[in-house]
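Novice: Residue-level listing of the chains:
2 protein chains.
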Amino acid sequence: MSPPELITSAANPLVKRVRALTDRKGRRREGAFVVEGVQPVWRAVEAGWEIETLLVVPEHLPASAEPMVARRRADGTRVAELSAELAARLTDRDRPPGLFAVVRARTSTLGELPVPPDAVFVALHDVGNPGNLGTVIRTADAAGAAGVILLGETTDPFAPAAVKASMGSLFAVPIAAAGADAFLAWARERAVDVVAASGYAERAHWSVTYRPPLAVLLGSEGEGLPDELLKAADTCVRIPMVGTAESLNLAVAAALMLYETRRTAFPHRPGTPSSPPVSG
Amino acid sequence: MSPPELITSAANPLVKRVRALTDRKGRRREGAFVVEGVQPVWRAVEAGWEIETLLVVPEHLPASAEPMVARRRADGTRVAELSAELAARLTDRDRPPGLFAVVRARTSTLGELPVPPDAVFVALHDVGNPGNLGTVIRTADAAGAAGVILLGETTDPFAPAAVKASMGSLFAVPIAAAGADAFLAWARERAVDVVAASGYAERAHWSVTYRPPLAVLLGSEGEGLPDELLKAADTCVRIPMVGTAESLNLAVAAALMLYETRRTAFPHRPGTPSSPPVSG
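In order, the protein sequences belong to chains A and B.
Each residue of the first sequence is one higher than the one before, counting from 1 in this note's numbering.
Each residue of the second sequence is one higher than the one before, counting from 1 in this note's numbering.
For reference, chain A alone in the conformation it holds in the complex (with noise of 0.2 Å):
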């Protein structure tokens, strides 16, 4: 096989389609965006996302990872070869990452998603950090919920530090889009309960027996949920504050959410306690 090409100008079309990636609607018109990290990178492959190309920094890369690249390549993923010097004009990082990958955007739609007995989904209004989606996506595959749900103006999942921050969990986490109408229509005819947080809530997410399939529903940093979708919840339950604080952070709510649903709606499950620990 001839080496694989060797990029040295910022003008080179593929540098220029990489820059184009950080832009959302860069991203909507091209249907791709760009992972950043052998790790991240990895998980996508593994997961079986479609990759259009592999940008190795050779000074970058660790050896550890060269038999991945090379694999790709035999199996005829293009891959290029970028200087560090124009890698470190591709990131936000200090360092420039060993790897990139441009990978085609992939969600589902609600009437995709499995809707096991056991679901639990968290759906997220407005939301606008993508740092937070990123690690609300995280938090979503280590408590092995059933998918993330995009609803209103939500952020994108696919935005530079959205897909740093789930740490390659974007590639194990069913994502979908829907409006907040068809979300809650999808919700009654699959019997998936709608459990609003809300700061205004009376009960707390530790008093209340969770009954799965259910959607942990959370609103937007600054303004939480509008009144129709609380009016619309099953449930309304409230994370308890003691201190100063006005609000907890959004990806703290939703992993509290998230990891109290699966508490108290999973007890014969690996790592779960088969009854509720005893309070002292």
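No wet-lab data here; the hints were simulated from the structure.
Honestly, I wouldn't trust all of these hints.
[As the list claims (entries may be wrong)] Where chain B lies over chain A, by a calculated footprint (3+ residues, C-beta under 8 Å):
1. 74 to 88
2. 135 to 142
3. 239 to 252
We treat Cβ as the ideally placed atom computed from N, Cα and C, and that holds for glycine.
Following the hints, put chain B in place on chain A, whose structure we already have.
Specialist: Frame of chain A, contents of chain B only:
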């Protein structure tokens, strides 16, 4: 009273000072840091932190914040005005805030931390990301923690990203920095149970009954806790994970630990059910 001084030049010593305080060395040398935004500055004022200077950006200051600024000025705080253009150069945010404050830094020593019988501390070892640290401080406040203890090479709580992520809770939660050995000696002496979170522990975090006073101990984002600290802990627990995620975000892990200790340790606190929820 004469009108506040108006700053129009980037060469103004106060502007230079604000810039110098974005740097850890500058903060150490000066013993001060910068707070951005009306709400966080108001929290610092209310909590009695020493405000060196208030920098007002008239174009962006909401009218509702004017009385607070006027009161501080009447009390002798130095108040200066900045153009929006100059303010934009002092912030990473897309839209400059209406108010900046230069605040005197303040931390506690371990010996100064009160240890009431129900105290729950969170101790972080070698945590590198200031956004994570700020989010931990915010969650510690909301969960009623008695303090945040910074061990080893943990990042600076007065870094701009930490201050921002703490959302003003920095001014409500005692923060102490210490060496790991001093922390362990303090915990033994004050009968503070050390509960370490580790991916390798056998017991799930939700299967343990926590007995305050205690300190939840978490390690760095990449490495977790070093063996010495894991061995020295009174209890080691693991937050169960089921998906492909290799770890949880540090601030998420701290939140799950803090809320879990609170749920099982304080069954009679307001907002806490008097008995654990029944699984089903």
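Novice: Each hint should be assessed against the structure and marked as holding or not.
Specialist: Here is how each hint holds up against the structure:
no., hint, result
1, 74 to 88, "violated (count 0)"
2, 135 to 142, "holds (count 6)"
3, 239 to 252, "holds (count 13)"
The structure does not agree with numbered hint 1 stated previously, though it agrees with all others.
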